[in-house]
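A.B. asks: Model the full structure from these sequences, guided by the hints.
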Amino acid sequence: MRVVIAEDSVLLREGLARLMEVGGIEVVDTVGDAEALLRSVERDLPDLVVADVRMPPDQSDEGVRAALVLRRRYPDLAILMLSQYVEERYAVELLTGQMRGIGYLLKDRVADVAEFLDSLRRVADRGTALDPEVVSQLLVRRNGSELDRLTPREREVLSHMAEGRSNAGIAQVLVLSEGAVSKHINSIFTKLGLPPTDSGNRRVLAILKFLQGNTKDRS
Numbered sequence: 001m002r003v004v005i006a007e008d009s010v011l012l013r014e015g016l017a018r019l020m021e022v023g024g025i026e027v028v029d030t031v032g033d034a035e036a037l038l039r040s041v042e043r044d045l046p047d048l049v050v051a052d053v054r055m056p057p058d059q060s061d062e063g064v065r066a067a068l069v070l071r072r073r074y075p076d077l078a079i080l081m082l083s084q085y086v087e088e089r090y091a092v093e094l095l096t097g098q099m100r101g102i103g104y105l106l107k108d109r110v111a112d113v114a115e116f117l118d119s120l121r122r123v124a125d126r127g128t129a130l131d132p133e134v135v136s137q138l139l140v141r142r143n144g145s146e147l148d149r150l151t152p153r154e155r156e157v158l159s160h161m162a163e164g165r166s167n168a169g170i171a172q173v174l175v176l177s178e179g180a181v182s183k184h185i186n187s188i189f190t191k192l193g194l195p196p197t198d199s200g201n202r203r204v205l206a207i208l209k210f211l212q213g214n215t216k217d218r219s
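Numbering (full-length UniProt numbering) for the sequence shown: 1 to 219.
Wrong hints could be hidden among the right ones.
Stated by the list, open to error - Across the chosen pairs, the derived CB separations fall in these ranges:
| # | residue 1 | residue 2 | range |
| --- | --- | --- | --- |
| 1 | Asp112 | Thr151 | 24 to 32 Å |
| 2 | Ser177 | Glu14 | 27 to 35 Å |
| 3 | Glu115 | Arg72 | 45 to 53 Å |
| 4 | Val10 | Val175 | 36 to 44 Å |
| 5 | Arg126 | Leu106 | 21 to 29 Å |
None of these hints come from the bench; they were simulated from the model.
Here the structure is a predicted model, which is why all the values come from computation and not from measurement.
Using N, Cα and C, we set each Cβ at its ideal position, and we do this for glycine too.
C.D. replies: Quick look at the structure:
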């Protein structure tokens, strides 16, 4: 896996690079702003970009904007965004596009090295990694959408799906059998109108409904 890191804090940038290298991940470049990120990806064609949401010069949404540009230019590029705080608008904006190979984590997650490296690999493998705090805020704000058809347990399962967990991972967290998790997921698909004949990836589509439903709730 070849990675470009975009983070304006030199200390965090070098710390991330060190963590990845120890984890056997090749860091091909580290940059401190969005423009440098765009140039680096064009030059090095990495497998994964890890970027801060807020970057110079304005420290607003430059990182997210650069990520959206990169997704358009390089559809197969995996992107993991990092943020100091839960910035729900940016998470939804990024994640309601192409869901494969995308992640949004709080910087605090880096402290759990094993979990952070697992998130990196999951995103690079075309999976998702959505921070539990983001999921929690989306669920709290959810109101009046088709997600109301879900039971509390099904909402728990869907939230863990949004975090990018596998059936086995969900079973472990919720202390359920994998068979029970599978039944809950099938029920979620049915209630969200995602039949087995749907040509898309139902797991991804269910997460998109989760995100889009919360976006509508705020409009």
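A.B. asks: Evaluate each hint against the coordinates.
C.D. replies: Outcome of the hint check:
At about 30 Å, the beta-carbon gap between Asp112 and Thr151 stays in the expected band of 24 to 32 Å. Between Ser177 and Glu14, the C-beta spacing of about 44 Å breaks the proposed range 27 to 35 Å. In this structure the supplied range 45 to 53 Å is violated for Glu115 paired with Arg72, their Cβ-Cβ distance being about 30 Å. Between Val10 and Val175 the CB atoms are about 42 Å apart, so this pair conforms to the stated range of 36 to 44 Å.
Taking 21 to 29 Å as the suggested C-beta distance range, the pair Arg126 and Leu106 conforms, at roughly 22 Å.
Consistency with the previously given hints fails for numbers 2, 3, ordered from lowest to highest.
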